[in-house]
Each structure stands twice: as structure tokens, then as C-alpha cells.
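Starting from the structure of chain A, add chain B where the hints point.
Number of protein chains: 2
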Amino acid sequence: MEYAELVKLLEETVKIPIYGVLGKLRNNLIYLATSEGEISIYALVNGKSVKLTKSPIAVTTRPKSNLDFIPFARDVEKGKEIHAVYIANLKGEEFQIESPRVRISSLAYDSKRIVLTGSSQSETSIYVIENGKLSKLTTIPPFSFVTDINEKCIIGSGVLKGNPRSQEFFIINFSGEMQVLTPKEGSVTNAYYLMGNKVYLISDYETLGESYWVYTYDIESKEYKRVEIPIEFKPVEIYYDPEDSLVIAKRDGESRLFDNGKEIKTPRGTISGATRICDEIYFSHSSLVSPYKIYKANREGKTEIVVDNRKVDMGELDYVKLKTDVDVPAWVIKRKVPGSTIIYVHGGPWSEVDNSWDLLIAPLVLAGYNVIAPNYRGSTGYGSRFMLMNIGDPGGGDLRDVVKVRDYAVESGIANKVGIMGYSYGGYMTLLAVGKEASKWDFGIAGAAVADWVEMYDLSDSLFRGFMEILFNGKNIELMRERSPITYASNVKVPLCIIHSQNDTRTPLSPVMRYVQELHKNGKTYEFHVIPNLGHAIYKVEDAIDLLLPALIFLKKLNRG
Amino acid sequence: MEYAELVKLLEETVKIPIYGVLGKLRNNLIYLATSEGEISIYALVNGKSVKLTKSPIAVTTRPKSNLDFIPFARDVEKGKEIHAVYIANLKGEEFQIESPRVRISSLAYDSKRIVLTGSSQSETSIYVIENGKLSKLTTIPPFSFVTDINEKCIIGSGVLKGNPRSQEFFIINFSGEMQVLTPKEGSVTNAYYLMGNKVYLISDYETLGESYWVYTYDIESKEYKRVEIPIEFKPVEIYYDPEDSLVIAKRDGESRLFDNGKEIKTPRGTISGATRICDEIYFSHSSLVSPYKIYKANREGKTEIVVDNRKVDMGELDYVKLKTDVDVPAWVIKRKVPGSTIIYVHGGPWSEVDNSWDLLIAPLVLAGYNVIAPNYRGSTGYGSRFMLMNIGDPGGGDLRDVVKVRDYAVESGIANKVGIMGYSYGGYMTLLAVGKEASKWDFGIAGAAVADWVEMYDLSDSLFRGFMEILFNGKNIELMRERSPITYASNVKVPLCIIHSQNDTRTPLSPVMRYVQELHKNGKTYEFHVIPNLGHAIYKVEDAIDLLLPALIFLKKLNRG
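Note that the protein sequences, when read in sequence, are chains A and B.
Residue 3 in the numbering used here sits at position 2 of the first sequence, and the numbers go up by one each step.
Residue 294 in the numbering used here sits at position 293 of the second sequence, and the numbers go up by one each step.
Heads up, some of the hints might be wrong.
Unchecked claim - As a list, the in silico BS3-like pairs of lysine-lysine whose alpha-carbon atoms are at most 27 Å apart:
id	chain 1	residue 1	chain 2	residue 2
1	B	81	A	522
2	A	558	B	266
3	A	441	B	9
To be verified - Covered stretches of chain A, as calculated for chain B (at least 3 residues, CB under 8 Å):
id	region
4	510-520
5	530-541
Unchecked claim - Residues of chain A clear of chain B, computed beta-carbon distances all greater than 10 Å:
id	residue
6	12
7	503
8	560
The set of hints was computed from the structure by calculation and includes no laboratory data.
Treat the numbers as computed from the prediction; the structure is a model and nothing was measured.
We put the CB at the ideal spot given by N, CA and C, even for glycine.
Chain A on its own, in the form it takes in the complex:
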């Protein structure tokens, strides 16, 4: 019954719900959860969880505490990430509203309007929906996102001056006049919260890319001001809610919660969201080894669980930093030493594996594999300098960092077999690693991978062409070719399991099919699984099962001998 037990374990594990506190509507806690098998918006209405959305959602935004509804976007083309806009209210009603047929990458709203960024094949624009009427306000650089609005203007951020190593913020009024602003040229600055004339910013401009802090920009006086937050902790990343004066401060993959400067004691891990309701603070928390829970802290800082979760035994968790030409932080979860070990490479690349529950890592660990998750250069969570190191060099220094972590797994005696696995950019790194560093691995598992940047560029919409022009520091076709796994397909030496969704519009299937045919021509050993009616994003527990089951069976077969 070995497969049957494996599948049971997988099903049980992916059903463990994920929670993320979004904020509040009229003093009701609003949070994201997968409790009923799909990503949905929930409200906690006098202690009871109420599902506000009818089917999986793709994009939402911070709820406005003075309102009783929240907008969200839902995929309406079987995973192709063409979205429609809806609003859900506290009554649990859902209404679709007029919206463009585009990929929606950000949403913001107030009582009068919903604004969004939408990308088509040709352009990325800001759209405004007012009294149910849709209008296109202006086109903007593709890698831009709206974050907040009020009756006067829209704020947001992005790569707005064509410098892939900096981010600026914008203020746009409803006649479409746009100002692009930055406290310092070349800094990474994001505008995220609008309060009266004050635009709240998170920026690295005072620290030369070491860490971020909170600032305000006054729309009238045009002054930048550092927000003084008295916390006894030096974070690398920070989130400040000016309405609740709550701070989530993060360093080395773990975060802490502060209420007016006073720390609220939480378990080790990360806080995925927090909000104040009356004089209680609600926050969602998890770690790599403990599933998400939602807690409530009272005035004295005493916490209790308000939305609980399963207990699981995930084994021993370590955090290491390894030296290449940079420090490479990595999370190490040991189940059996020495044992079959998976170097799990996160996607993004501008993302991180922090100490929070991970839907893809947990089943591997519970199936008995050691997992080591590096935060290679280009990861977030370690300052903008580290994050920007992969600009113009994807699959270069970051791959060296991953290989270093692989060497550590072997030399430290953790691994007797070592493979590489990842999804999206992690799938890209997997295919590149087994081709360019073929002797380093015993197996590879690539989900939603990039096999050929050049073909992908041609197939991409405005947003993802913009993404690639940032990553490759311009439309650098030569570098794209040199950094494409298909260029190295003939070098592959180890069994590969390739899993890809049919309708993926971020990392399209067809270059991966060409890659697989290269493997086939060269007589390589591989599995290839194409999943129907599914795209890049995972909205449902079932989707996660479809993607992970072939991987777990592949691993089982390999480790059977």
C-alpha cells in the first residue's frame, strides 16, 4: 500500500489551512484562508468564521475599516489569469462588477472607487471603476502596482524610471496626471498607505540597501519624514500600519509584532498579518514546522488562539548562513540523517523562504525527506542590495549559491542522496542546475519551470515582458539564451520529473514541451506530467495535490532503489 499511504499523507498535509489576516471591515476581522479547500476571504463575525467569497480568489487588497465590503479579482479563464473584479460584503454576498479582460496585478479601493493595474499583451494600464462604470485612466510602466487611494488620488510603486535596480512611487490624480517620486534616486521606495496628505513609504534610501524603514511624504509640503517607531529591534524589513500603529518587523526570516513600540510575544516564526479591533490585536502566525493559527492579544499583551489548526511533527529546524561571495541563508529541516535530501529553491525570484508554513515544503518533510531551502542572492528579506544582485545575472550567482547549499548538504552528512526541486523560478533553477551543474545532483523536480527565456519572452504579456526586462537588465536576448535550460538539456544526467500546467501564462508550457523533446531525443530519463485546466497560480487544495502527487511518487520510486 506504499503509494496509498503517500497519497493519504499528501491529502492530509495540503488540507492544513493557510491563514492571513488582511485587516477589518467595521470591526470584523477579515482574513484569507484555505479552510474549505480554496483560497477565500473570511470574516470573523462574533467569534464565528464566515466565508465571504463563493469560489477561489486571485487578488485582493487591504480592507478599509470604515466600509463593509472588499473588492477582489478572480481568474475567469481556467488558470490563464484573465481576471474579473468582484466585491464581497459582510453579509456574505458577492457581486461581479464591470472590469477589463486583463491580468490584474493589484487592487485598491475606497467608498467611491476601485482602481487596479491590468496587463494585456500590449500594455499595462490603471483602470478606475466608479459607480460600476469602467474607465482606463492611463497606461503605466508594466512593473507597477497600485496600493491605496482616497478621494483625490491613487498611490503605488514600481520600476518607473527604467532603472531595474531602483523602485519609485507614484501619485496619480483622477484626471490621470502622474507624478513619479523618490526620496533618493536609485533607492527602492514603495508607497503603501495613504492617510490625508500623508503617503506612507517603505524605503531603503538611508541605508544603502541594508534595510528598509518607514517614511512619510507630504503631498502639500512635498516633505519626506522618517517615522519614529520606538522598537528595541533592528529589522531589515518593516511594515507599519499608521491607523492601528502596529509594526511587523522582520529579520533573518522571522518577524515580530509591536504595539506602539511594545512587543507582543509570539512564538518563533512569521506574522502574515495583524490588525487592531477595539483594544484587541488579531494576528496570523506560522512557522516552517507549525501550521498557521490566528491569535488575539489583549491590552496586557496576553495572547489566545482564535482560529486553531492541526498539530504536525515536522522534525528539527535549523537556520544556517553559508559563504559564497555572499552570505547565503538557508533553512534546514531534518527528518532522517543521513537521508535523501531536497534542495528546495523558492520562486520569484524576488521572494524568500522564511520561517513560515510552506504548502510545497511540508509534504516533502512529512514524506520523510530532508529539505534545505536556500535564500539565494535575489531573495527578499535581506535588504535591497542582496535582492538586486540578480539583476542582469539570473541563473548566475544565484545558481552558485544554490550549488553551495547542495555541497553543504552533502559535506555536512545530512544528505546521502541530494536532489533539487522548485516551482516557477525555482523550477527554472532546477532545470538549469541539472544541465549546467549536472554532476551535483541525484534527481530534479521542476514545476511550472522556465525552459527557454527567449520563447517565453515572445509569449509573455506586458507585465511579464516587463519582469524579464528588469531581470535581464533590458531585452538581452543573448543572455536569455545563455541562461536558458534548453541550451543545456543534452548535459542532463539524472532522472527528472517535470510537472506543468496546461494554461500557465506566466511560464508557458510550450517551451517546456520543446525542452522535453530535447530530453527525449537525447535518451534522458524523465517523467512529464501536464495538468489540465490549471495555470501558474495554485488556488485550490486539489490543484496542489495534482501538482505534488507526481513529484512524491517520483521520489518514492527513486528511493525505493
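Positioned in the frame of chain A, the structure of chain B alone reads:
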């Protein structure tokens, strides 16, 4: 846990062993079995089963009762069906002997020699292995098979005169002189047993393709003689063992066993082999709804089980004949009426679904689906005229027969949803049906399918080019194109699950990959699963799981809604 239970059921079902009595070595019963998870040769040595082979076997032959060893061939290229020859003896020892690196399609032996037919890209030949020395005796037409030898000659049969609608037999001496013989031009005649000067034949020549009977050909007198066997049953197919004077007589998918004309009572179903040891008769038996067992019958014809098996509840079994321009026999297994129903199309095409345990059908039924298995024109078991009706017309009349059975499933109220599934030629029929008869189906599952006969022809070795030249009545490229599923890929309307082994050398993967890319270009809904290190033949229980699991999960998802 819905998937987990499904996988448990699949694992339990494919582990139900299959038995086939081959004969005897020195009064020890010799039989094929999958009891330990792979197709192996077993001996029953004073009541105990002994496994004689170390890993799965691909081809063997009738054991010689006066000897203590049996030759067999094993795939040595990960499913590519390049075979090596071995012998196994009653001590359970196994020896590899010198053999050509070719696809071996038949074996025969005596105390001095092993002979075989082997196909390379360029030719098919008869090879002789004598005192461990290999020599090529002669090349022969590709679709030929050896069946027996003695000290003077080799006998066998095939399509030897270039007429795809007839089969002749041959006698070859060890200097390579070959006579091609037939009792009647245009008949289907097979030589299968050599006893002194007598060649035993099974031929349709007296019945104009209605049924077969047993004859002898005297090598000295060159006379043909009908073998008089006094049985009170008119079979369509017959097997007669002149050494044991045992008869297995078959009609309408069920067989009966006769000992010197006297019937041995067996349950309904089919007998997959029988032999006499001392004065007891051993035979293997199964039906579509009862797994294989090996029985022993004493002098009085009293039977007892000597190798038992699991009991399973497979539900209600019917046998119907439906009219197109021919009678189309079909087996009907009902689990839930009305219910989701699978039209299971067998491979070959020169094969049948008879009333015997089926590794691919059983899991579908136990998972709760109704299964209807047609014996479309071209199937064996109904006389040579019926079998030869597909010559020059594959995917024509046979497809009409399958569609007729589909209509019956719907009109009779058995099916509320109806899909088509098959492996090999059945996979071909599946892809062709969902393209050419797109409105008839709710889903399709194609394993090891033919997507493009033209490309397949170019990729095939001598044996399979020969097979196609028979099926298409010559190298008829135009007809091959017209009858290829890839020609109709854009018409597909229903979800498809396509499962294919990487190393398949009968129905190669690459045309199927092109077919899948056509589906993708046309935005069809499909799953595609490529299984590594596996070929066309299923040798292991694990292989069956790898092939069937995606199909069962696909069905589960469809029937979930």
C-alpha cells in the same frame, strides 16, 4: 482521502496475480505468474511454488516435458524490447546465453538448440543457438514466428506469401533451406507442434474462415490429415496438445477443456493453459469477474484448486452481440446503472477481450465504473474472416463497431456519461474516436497510443513495419495519414488523458508528443503523462500502477463534477 482510497484499491487490484499454465518439465508443473509483482516462470515442485526466474521475463515457449530447463527472453534496455536469451532450470538457476541484440518475438527449443525470431531495424531473421554458439540461420518475412523444433528442423508460421489476408507455415532445416506450405492458398494456417514427422497445424481452410480445426502435415508423405477429436462442442478456436491429448476449445469468448474427448467441468470463463502430469490434469482458469486460479483434475474429472487467489466482487457480467454490418460481440460489466461507463477497446488489433481476468479492466470496475468491452471486427476469437476484416481498413469498420457499442451503452440506459479508453491499438482507437466521432464521448483515456501511423512507420523496426504493411494492405501512406488521429486533433471536444511510456518502441512517444502539441495549440483540455524507463510491455505490477494511476485520478476528477 478520496485519492488515497482510490490508490489503495488500484494497488490491491493490480497485485491480484495472473496465472498461465505453460506445461511441464520432468513432471513438474511450469506456469507463468505475477505473484511476486513481476511476470516470472514458476514450477510447482511437490505442491510448493518455486520462482525460477530472477527478474521479469518478456518471451518464453512451451516447456519440453523430457527436459529440466526452459529458455526465455528478457528486455535488457529499459522497455525498448531489445532482448537477451536466458535459460532457467528446475533448480531455480538462471543462465544468460549468447544472443543477438534484437527484438525477439518467438522462441522454441529442444535438448540441443534454441531457435528464435529476432527483428532489427533492417530485417527479421531466424537465429540458432547451439552449444552456446549463436548463428543467424536465415532472414524471413518480418511477421513470422517459430513454434517448435526437433533434431531435423524448425517449424513456424506467418504472413509468408505477401498476402496480408492469409497465413502459411514453414519448415526450415538447419542448413537454412525453407519450405513455405499451406493446405490451401489463402487460408490462415499455423504450425505449432512438431512430433516425429508430423507437423500439427491449426487452420481455417475447410471452413472458409468460420472456424479453426486441427490437422497434421506429414513431412515424408506430404499429406495433410484432419485430426479427429470426438468432442461434443463446435469451437471457433481450438488448441490440441498431441502429447497429452488435451483439447482447449473456445467459442464466444469462453473455453472448455476436454481430456480425450471427455469434458472436464470448469467454471464459466477461459482456460489459459493445461497440461497432464501423471494422471492428473492441471489447468489455469479465470473469468472477467474472477481472478486466475490453477486447478487440478483427477482421473474421474474431480477438480480442486492447487494455486488459489483473492475473491473480489466485480458485479454483474453480460455478453451481448450488437449489429452493425457485422455482429459485434461485447462484454458488459455493470457496477452502477445508470453510471459513468467506459467503452474499453482492446489492443492488438488481432486479439480479443474474452471472459478472462483483465489487468486493465478490473481496476476500472472496482473503482465503480461500468465497463463495456467490444470485440470489434479484426478481433480474434470469432474466426479468421472476422479477424481479417480490418486488413486495409484500420480505424474504419472497427471504429464503427466501437461507436455502435457506445450508442448501445447510452440507449440501453447503462451510461449517463460515456468515455472511451484503450491501450496500444485501443489507445489508437481512443484518439481516433474522440477526433472523428467527437460528439459521441464525454472523455477519453489513451495509453501507448498511435497518433500518427506515418511517423510511426518511419520509426519502426522490421517487425512493426511488417505489421503495418499487413494492417494497411501494403505501405499505403495516404491511408495511414487519413487514419491517423493527429489528422483530427483539432476536432477533439472532450477532456483527454494521454499516458505514454518513454521507451516504447512499438508505439513510439514522439508522434504522441506532436499530437499533444496540436491539442495544446488548439486549446483543448488534456492531461499528458510520460512514464520513464518503461516501454510498451507491462512486466511489473508497479508498471501497471504507473500507467493506471493517472487514468483513475483523471476519471475521479471528471466524476467529481
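Going back to the hint list, which numbers does this structure go against?
As far as the earlier hints go, 2, 3, 6, 7 are violated by this structure, in ascending order.
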